[in-house]
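There are 2 protein chains.
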Amino acid sequence: MQVTVLAGGIGAARFLQGLITATGSTHEQPTVTVVGNTGDDIRLFGLQICPDLDSVMYTLGGGADTERGWGRANESFTVLEELRNYGAKPDWFGLGDRDIATHLVRTQALDAGYPLSSVTAGLAARWELPITLTPMTDDRVETHVVIDDPDTGAPAAIHFQEWWVRHRAALAAREFVYVGSDTASPAPGVIEAITTADVVILPPSNPVVSLAPILAVPGIRDALAHTVAPVIGISPIVGSRPVRGMADACLAAIGVDVSAAAVAAHYGSRATGGLLDAWLIDDEDANNAGAIAARGLRVEHLDTIFANPGVAQEVAIRALDLAGELTT
Amino acid sequence: MQVTVLAGGIGAARFLQGLITATGSTHEQPTVTVVGNTGDDIRLFGLQICPDLDSVMYTLGGGADTERGWGRANESFTVLEELRNYGAKPDWFGLGDRDIATHLVRTQALDAGYPLSSVTAGLAARWELPITLTPMTDDRVETHVVIDDPDTGAPAAIHFQEWWVRHRAALAAREFVYVGSDTASPAPGVIEAITTADVVILPPSNPVVSLAPILAVPGIRDALAHTVAPVIGISPIVGSRPVRGMADACLAAIGVDVSAAAVAAHYGSRATGGLLDAWLIDDEDANNAGAIAARGLRVEHLDTIFANPGVAQEVAIRALDLAGELTT
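Protein chains in written order, with the working numbering: chain A, 1 to 328; chain P, 1001 to 1328.
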C-alpha cells in the first residue's frame, strides 16, 4: 500500500512512527513517502537548518530527543556556548552539537550544488529510514510572519523561526507569507507520490506553518485535488487547543477558530473543491462529528493524543482502514 | 618597543607567551604585531580552518590545550563523531566542538565578504589578545606537498594538512608549493609592521611550512631586507632534531640539513642578501656558534627548549636585548 504523507515536524513524526508499524493483522507494511515542510528552514551561522525534515529524520531514525521534543538525543551544546562567547547572533536559536553535524553535511552538499532532495536522501541513508523522505521543494521557500514591530508599531515581516522560537509566538501575527513559494517547483517525485498513492494523509501538523507552506508550492494542491487516492486528515486540534505547539496563535491570524471542526472547514471537502475526503478527530470532539460530516467529509473519532507510539499506530490503522473503505 | 613576529603555530605561540611578559627590569612592555602563516589553512566540511592563526589566538587568549599541543582546552569532539557517523570525509582531521565555533564565525564572515584580516581581528577581540594578530595575506595561499603517489608512484600534490596530519609526514616530500602565493598581496599593515618595527623576530617555527609561506607573499621578503630593524631568528632545531613537529621531514625536501647551522645558512645573513642579523641557538649547539658567526650572523646560545613560559621569556628578553645592541 502506497501512503504519501505531507508532514510538518514532531507531530507528523510521531504519527509516522505509528504508521510504519501499522501492519497489524489487516494490512501489509505500507510503503511511505513523506513530503516534508521546508518553510521553516533557516540559515544560521552559515548552516542550512531544516527543522521539520530533521524532526522526521531523527524521530524515525531513532536519534531524536523525544522528551525535549526537538533535536538529537544525548545532545550537547558546546558549539552554541562558544558561538555565544564570540557574541555571534542570533542567540535565541537552540543548536546542538550532533545536530550541527547534520547541518554541516547538508550545507556543504548544498553549497556544492546538490539539490536539497538529493542531500536529504543522502542524510536519510545514514539513518536507514523506513520511509522515503523528500522536501516539498528544492527551491528556497521561507515562512515569514507579519507582525506589528514592538518598537515602532509598524508592520514588519520576520522569519517564522524568530517569531516562533524567539518570541514564542507571543507577537500577534497579522499574516503568514511563504516567501518564494510563487516561483517554487515541487521536488522531484512529489507530484507522482501524491497522484500514484493509495492514500494521502495529512497528519496532525500545524495547518498554517507546516501544511500551508507545502500546499503553497504550485502544483501540490492541484495534485491533491486530482489524485484518485482518498485524502485523509487527522485534526491537530483537540477540544479548543492544539495537541502540541502554538497552532492557536497561527490559526488566529488566518481567522480560523481553534477547533477540529473549524480546521476541517478551512481545509474543506474535496467534493466541493477542498482538500479532504475524511477527517479523524479526537473522542473529545465526538459531538462535532455530525457538523463536520455535514460539510461533506467522512468523520471518525478516536484517541488522537499520541501519548505513546501505540496510539499513533491505532490512528494510522484507522486511516488505512478508512482509505480502503473510501476506495472500494 | 615595536616588535613584529612572523609566526607559525604552536612553537611561535609559546615564544609569544614569553615575549608578551618580557618586560623584566630592562624593557618596557613590547607592542607586538604577529604576522601569521595561513599556508596551512584548509576548508573542510565547509569550514575555513586557520590552524596557525588559531594556535596563536588560543594560546595567547588562554584557551589552548597546552598538553595536546593543538586546539582548545576542555575540548569535546561530538560534532566530529557525528560527521563520521554520516561518513563525511576526510576522517583524518581533528576538529573539536569549541574549535568549530571559531570556524563557523570565521567562515560566515568570510562568506559575507569580509577579508580574513578583519575577521581575524574580530575573533581576536573576543580573546582580548595582548598582541595584534594578522594573517600574512587576505588572499588564498595553500601549501601543497609534492609526493610520489603511494599507489601509482607518479608525482602528486596533496594539501599540506593531508601530508602532515593524515600521513604524519611519512611520505617523502619532493617539493613544497605555496599555491596562490605568486599573486597574493600582504594583508593590510603587514609591510608597515615590518618596516616600522624596532625588531623583527622569526620565532622557532618550521622554516619550510610555517615561515616560507609567509616569505613567499610578494613584498614581505623585500620588506625584511630593507627594514632598519634588526631581524633576529631563533633556531627551531636543537642538535639534529626539531624542537617540535616534523621539520626534519620538511627540511630534507629542500636539501637543508637538520641543524641550527644549516637553517641559519638557509636563511642567510642580511649583510649578504639573506634574512637574518642574528640567530639564537640552544646551548646544546654552542660548539657551532663560531661556524654560524663566520657566515655574518650574530650568534648567541641559551636554553631554547620552552619547557615552561619562563624559558620562552628568557629567550624573548635575550632577543630584545640583542635588538638593542644591534640597533645602537
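Check before you lean on any hint, since a few could be wrong.
[What the hints assert, rightly or not] Partner residues aside, some chain P positions facing chain A, computed with beta carbon under 8 Å:
hint: 1; residue: THR1078
hint: 2; residue: GLU1082
hint: 3; residue: LYS1089
hint: 4; residue: ASP1097
hint: 5; residue: ARG1098
hint: 6; residue: LEU1104
hint: 7; residue: VAL1105
hint: 8; residue: THR1107
hint: 9; residue: GLU1128
hint: 10; residue: VAL1146
hint: 11; residue: HIS1226
hint: 12; residue: ALA1252
hint: 13; residue: ALA1253
Source of the hints: derived by calculation from the structure; they are not laboratory data. By construction, the Cβ of each residue, glycine as well, lies at the ideal position given by its N, Cα and C atoms.
For each hint, the structure was consulted:
1. Checking P/THR1078 against chain A: minimum C-beta separation of about 4 Å stays under 8 Å; hint holds.
2. Evaluation of the P/GLU1082 hint against chain A yields a held restraint, the C-beta minimum of about 3 Å falling below 8 Å.
3. Taking 8 Å as the C-beta cut-off, the interface hint given for P/LYS1089 is violated, the closest approach to chain A being about 10 Å.
4. A cut of 8 Å between beta carbons decides the hint on P/ASP1097: the least distance to chain A is about 4 Å, and the hint holds.
5. Below 8 Å, beta-carbon pairs count as interface contacts, and P/ARG1098 has one with chain A at about 5 Å; its hint therefore holds.
6. Annotation: interface hint on P/LEU1104 holds; nearest CB of chain A at approximately 5 Å, less than 8 Å.
7. Satisfaction of the interface hint for P/VAL1105 is found here, the shortest Cβ-Cβ separation to chain A being roughly 5 Å, below the 8 Å cut-off.
8. The interface hint given for P/THR1107 is met, as the beta carbon of that residue sits about 5 Å from the closest beta carbon of chain A, less than 8 Å.
9. The closest approach between the C-beta of P/GLU1128 and any C-beta of chain A is roughly 12 Å, which is over the 8 Å cut-off, so the hint fails.
10. Nearest Cβ of chain A to the Cβ of P/VAL1146: about 27 Å, over the 8 Å cut. The hint is violated.
11. Taking 8 Å as the C-beta contact cut-off toward chain A, the hint placing P/HIS1226 at the interface is violated, the least distance being around 38 Å.
12. Proximity of P/ALA1252 to chain A is violated relative to the hint, the smallest CB-CB distance being about 35 Å (cut-off 8 Å).
13. The beta carbon of P/ALA1253 comes no nearer than 32 Å to any beta carbon in chain A, farther than 8 Å, and the hint placing it at the interface is violated.
This entry does not satisfy hints 3, 9, 10, 11, 12, 13, going by the numbered hints stated previously.
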